[in-house]
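Q: Here is how the chains run, residue by residue.
There are 2 protein chains.
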Amino acid sequence: MAVFNRVTIVGLGLIGGSLGMAIKRRRLAKTVVGYSRKSATLRAASRRGAIDAGTTNLRAAVRDAEFIIVATPVDAIVPLARQAARWCRRGAILTDVGSAKSRVVHSLERSLPRHVSFVGAHPLAGSERRGIEAASKELFKGSICILTRTPRTNARALRAVARLWKPLVRQVVMMSPQRHDQLLATTSHLPHLLAYCVAGSTSRSSLRLAPRSFLDVTRIAKSDPDLWDDIFLSNRVEVIRAFDRFDRQWHMLRKLLAGSRRTELRRFLASAKTKRDTLDA
Amino acid sequence: MAVFNRVTIVGLGLIGGSLGMAIKRRRLAKTVVGYSRKSATLRAASRRGAIDAGTTNLRAAVRDAEFIIVATPVDAIVPLARQAARWCRRGAILTDVGSAKSRVVHSLERSLPRHVSFVGAHPLAGSERRGIEAASKELFKGSICILTRTPRTNARALRAVARLWKPLVRQVVMMSPQRHDQLLATTSHLPHLLAYCVAGSTSRSSLRLAPRSFLDVTRIAKSDPDLWDDIFLSNRVEVIRAFDRFDRQWHMLRKLLAGSRRTELRRFLASAKTKRDTLDA
Chain A
1 MAVFNRVTIV GLGLIGGSLG MAIKRRRLAK TVVGYSRKSA TLRAASRRGA IDAGTTNLRA
61 AVRDAEFIIV ATPVDAIVPL ARQAARWCRR GAILTDVGSA KSRVVHSLER SLPRHVSFVG
121 AHPLAGSERR GIEAASKELF KGSICILTRT PRTNARALRA VARLWKPLVR QVVMMSPQRH
181 DQLLATTSHL PHLLAYCVAG STSRSSLRLA PRSFLDVTRI AKSDPDLWDD IFLSNRVEVI
241 RAFDRFDRQW HMLRKLLAGS RRTELRRFLA SAKTKRDTLD A
Chain B
1001 MAVFNRVTIV GLGLIGGSLG MAIKRRRLAK TVVGYSRKSA TLRAASRRGA IDAGTTNLRA
1061 AVRDAEFIIV ATPVDAIVPL ARQAARWCRR GAILTDVGSA KSRVVHSLER SLPRHVSFVG
1121 AHPLAGSERR GIEAASKELF KGSICILTRT PRTNARALRA VARLWKPLVR QVVMMSPQRH
1181 DQLLATTSHL PHLLAYCVAG STSRSSLRLA PRSFLDVTRI AKSDPDLWDD IFLSNRVEVI
1241 RAFDRFDRQW HMLRKLLAGS RRTELRRFLA SAKTKRDTLD A
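Order-wise, the sequence lines are chains A and B. The opening residue of the first sequence carries number 1 in the working numbering; numbering runs sequentially from there. The opening residue of the second sequence carries number 1001 in the working numbering; numbering runs sequentially from there.
Be aware that a few hints might be false.
Claimed, not checked - DEER-style ranges, computed between Cβ atoms:
1. B:M1252 x A:A2: 49 to 57 Å
2. A:A2 x B:S1205: 35 to 43 Å
3. B:P1151 x A:S271: 41 to 49 Å
4. A:P151 x B:L1215: 32 to 40 Å
Claimed, not checked - A few chain A residues that face chain B, going by a derived Cβ cut-off under 8 Å, partial list only:
5. N154
6. L269
7. S271
Stated by the list, open to error - Lysine-lysine pairs mimicking BS3-like chemistry, simulated, CA-CA at most 27 Å apart:
8. A:K255 x B:K1137
9. A:K222 x B:K1222
10. A:K30 x A:K222
11. A:K137 x A:K38
12. A:K255 x B:K1255
13. B:K1030 x B:K1141
14. B:K1024 x B:K1137
15. B:K1166 x B:K1137
16. A:K255 x A:K275
17. B:K1222 x B:K1141
18. A:K137 x A:K222
19. A:K137 x A:K275
20. B:K1030 x B:K1137
21. A:K222 x B:K1275
22. B:K1038 x B:K1222
23. B:K1222 x A:K141
24. A:K275 x B:K1222
25. B:K1141 x A:K222
26. A:K255 x A:K222
27. A:K275 x A:K141
28. A:K141 x A:K24
29. A:K222 x B:K1166
30. A:K24 x A:K166
31. A:K30 x A:K141
Read the hints as simulated data drawn from the structure, not as lab findings. Note that CB positions come from ideal geometry on N, CA and C, so glycine has one too.
Given these sequences and hints, build the entire structure.
A: Take a look at the structure:
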């Protein structure tokens, strides 16, 4: 039985499209409505089974929905959610899927009208590909979805957002937006920045002979720069903190190398390996 | 028809074992002899089809071979090759598979007796796993093998080593040991050091929620620290140079972030992506 009557997805890219496909497959909503600025995207989303109906009119898209998911790049979430909220019915729940949370959550908590609730969400799933054509109903399978909780979070809305995600992911985890941003700065944003930097600082003649290890480390440098400059800058303070924490260890490693301090170097490598080995178990 | 009569592999780990399996499968040698300090390793290598005969006696292993491949960790190559050379017959060719070349090649070119030739080789293939049990006859398939050439390199020996590798890899490339070490510092050693540093500097509580991007970037931190401290230190000068080149870009990125310089940040990310995109085509 459907959990929700009418769910609207605002933005039908990789995440929005995959979410529509997963919601429809699990029959979590009676109707999934899609909003996009482009009718070609709506047609592709229909064809791929991501939405039941689509519109390029935001007001029409959200007016009758009990549940609205904003699945746009980070920078567009706040303006679109504000606009949508003006037309939402009483009790409607707004949520998002953005990779940086503090700014979005705090800004919307302060500015949305009282008749709607916002809960931040972030499924830790993605791909270096983007767009509705890359969407997949399996995208979230086995992943973790983080929901943000603050003193202002509406408990009913939080439960509803958890009810949507639980069937789609391995685990739903709740934490403050700040904790989310610290965590993601370390486990996702910093690794992306490093991958971009490794790929960007390697000469083309060296790239030609790059081994598999290089390809692994830099795979996520294929991610869309237009999404990632948003993410890095939206979470700028935590990304810089993660950078500086990393950088202290990084320069300590340089010292160990420069001084040929084999025992300490090996100890560091062994401890890193031990940590990493726990992750695939 | 076999290209070589008797090939001896000194050290039967992941690379030595895989090489034995590949040579036997391609029938490149009439007999593949294996040397290991441990008879259990020799038994495993026989069982896995990596060698025709094995011995724990280095002299017996190399005495009748026309071709000896030292497939040990980098630090053991020079002492083992020197010892082996004392018992080699006239005209025997010694080669290796080490990941750092300048030190090994120069040291052996200066110290080996005149009746044997040494050619450095490095197949750009591997795995975070190690040992004969992880060996595979497919390990080198599609990869590149670098052979080192110096003014002292014996042309006949270089051709023979190329003849061995050509059927096993996608491409055999020749370059100076210095160029090899610069190249690998950038495309392999630095990425490994980064992966270790990312894994090592992330707290265990954050690791628990690490997304797939983190797993990709840190996969090679599962590599054996006992091999990698050798590689980093054998190629210390070039690794530090690669570190410093990377570090300039890395800190430039920090500045772009700290100053919210979106246009320049996006330009850097886009250029990195363009480079990386060429590699899977």
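Q: If you check each hint against the structure, which ones fail?
A: Checked against the structure, the hints that fail are numbers 5, 8, 10, 19, 26 and 29, while the rest are satisfied.
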